[in-house]
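With chain L held as given, fit chain Z onto it using these hints.
Next come the chains, spelled out residue by residue.
2 protein chains.
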Amino acid sequence: MITPTTYPTRIEQQDTDFTFRASISTMICSVLNVAGLDANAKGFGVSDLNVDNHTWVLSRLAIELDYLPAKFETFDIETWISSYNRLISTRNFILTNQSGTKFGEATSQWCMLDLKERKAVDLSSLHENYGKYVLGDLNSTIARPKKLAPLTHPTKEHTHQAAYSDIDFNRHVNALRYLDLMLDMVPFENLALSRALRVDLQYVQECYYGDNLTVRYQKEGNVTMFEILRNQTNIAVKCQIEWF
Amino acid sequence: MITPTTYPTRIEQQDTDFTFRASISTMICSVLNVAGLDANAKGFGVSDLNVDNHTWVLSRLAIELDYLPAKFETFDIETWISSYNRLISTRNFILTNQSGTKFGEATSQWCMLDLKERKAVDLSSLHENYGKYVLGDLNSTIARPKKLAPLTHPTKEHTHQAAYSDIDFNRHVNALRYLDLMLDMVPFENLALSRALRVDLQYVQECYYGDNLTVRYQKEGNVTMFEILRNQTNIAVKCQIEWF
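Chains as they are written, first to last, in our numbering: chain L, 198 to 441; chain Z, 198 to 441.
Among the hints, a few may not be true.
Since the list gives no way to pick out one identical chain from another, each pair is judged satisfied if it fits inside one copy or across any two copies.
[Stated by the list, open to error] DSS-like, lysine-lysine: derived pairs with alpha carbons at most 27 Å apart:
id: 1; residue 1: Lys316; residue 2: Lys329
id: 2; residue 1: Lys313; residue 2: Lys268
id: 3; residue 1: Lys316; residue 2: Lys268
id: 4; residue 1: Lys239; residue 2: Lys268
id: 5; residue 1: Lys353; residue 2: Lys268
id: 6; residue 1: Lys416; residue 2: Lys353
id: 7; residue 1: Lys239; residue 2: Lys316
id: 8; residue 1: Lys343; residue 2: Lys316
id: 9; residue 1: Lys313; residue 2: Lys343
Don't read these hints as lab results, they were simulated from the structure.
Quick caveat, the model's predicted, so the values are computed rather than measured.
Just chain L, with the same shape it has in the complex (with noise of 0.2 Å):
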């Protein structure tokens, strides 16, 4: 019988910021990661998609989390396939904590990317052998990612050229860079909060060495809301954390 995976994930010292506890862009990289490691063990990771020059590409995250977890603290990142359909493949997670405690979920959507023809794969192609890993919600409470709107005042800017270190192996900006960027716009005081929050987070478009990114800040209440605009023009990320 196929059931979710654990992945036993550790935060190490240069995991974390300066309230010693991970930063939110660690704990999305875990989450990846082990999205990552999760789709490889079971045959349908990048490198067996580059055979037929095909990629996964993410296009919406949602993370809820109790807290941050401190330096050197472990827990268990259990994740499977809870549904698809043509277009969209929904990846979910469950962190526990060393007490049992579950402190924190994510839901992943990807698309899957045909490198040669630049378009969107029909993924009931896999139907074979990816159905079988398909496990619908189980113990998953986490609402979707959330469709964001576009700001409609924001009250802060940055611009950023991208640069080599910003872009990855598909020469793209990578995917976590962007949300360092945004991070970058809330005023540092606020980060050094342990709070619970819940991250959406939209990709519209792919940025590439130097297109000029234009990151966008708007507050209101308890909810950050954020956007990039690539080269003046076209919203290529979204993204909104509410804090607890």
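Relative to chain L, chain Z alone:
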């Protein structure tokens, strides 16, 4: 008998750049991680020193590589303390690939800092527990890190304000982040070539959140030189890359 310790290392997908090889940052990060692991394992890591409010601070580093390893390549990093005096402890590294061929070497110089007094600690106080781990140069042939001169005629300059994603748990700009900012000045096409190289890094002064980092670039033949000014005045970091 105390001998050098060997740490197996593997280049994961997220460690590679657009050339599908490890980036220079990845290689230096691997070496620094091994330094941390080895010091921890032997009882004089950052966590041990923190008890006395001390920490290790990287002062200079040199690395020589015949090539940058490809994605999923595995190799061994052998490390040991080669010498120390009152101010500086020197740790060396030899990198050996899966065919048993040495393809790289590194050497690093560390000071110990008293975090309360913000002053260097006299390393002779470590004598008893530390001295037995000091093994001399052994098979190391790399020249010690160079003392680098200020740039005479920089041809490019870029200013970046140190943000949340640039700083580490110490509230300083991360040692590798300086390197990224400098490599971001190198023309993209130069980074596409996999060549033997030597990097010399010299950390002169710490930079903090909000500081203006001015990155300067100068090229002379096969040598690329960089320096980072803190708030338009003092040189904080110097670096030189020789491409062979």
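Here is how each hint holds up against the structure:
In this homomeric assembly, Lys316 and Lys329 come within 27 Å of each other (Cα to Cα) only inside a single copy, at 25 Å, whereas the closest approach across copies is 61 Å. With identical chains, the CA atoms of Lys313 and Lys268 are at most 27 Å apart between copies only, with a shortest distance of 21 Å across copies and 42 Å within one. For a Cα distance limit of 27 Å, the shortest separation of Lys316 from Lys268 across copies, 25 Å, qualifies, whereas the shortest one inside one copy, 41 Å, does not. In this assembly of identical chains, Lys239 and Lys268 lie within 27 Å of each other by CA distance solely across copies; the values are 20 Å between and 31 Å within a copy.
Proximity of Lys353 and Lys268 under a CA criterion of 27 Å is satisfied in neither setting, with 32 Å inside one chain copy and 39 Å between copies. Taking identical chains as interchangeable, the C-alpha atoms of Lys416 and Lys353 lie at most 27 Å apart only when both belong to the same chain, with a minimum of 10 Å there against 37 Å between chains. For the homomeric pair Lys239 and Lys316, the shortest alpha-carbon distance inside one copy (24 Å) is at most 27 Å, but the shortest distance between copies (52 Å) is not. For the identical chains of this complex, Lys343 and Lys316 are intra-copy neighbours only, at 24 Å inside a copy versus 50 Å across copies, given an alpha-carbon limit of 27 Å.
In this assembly of identical chains, Lys313 and Lys343 lie within 27 Å of each other by CA distance neither inside one copy nor across copies; the values are 30 Å within and 46 Å between.
Violated hints for the displayed structure, listed by number in ascending order: 5, 9.
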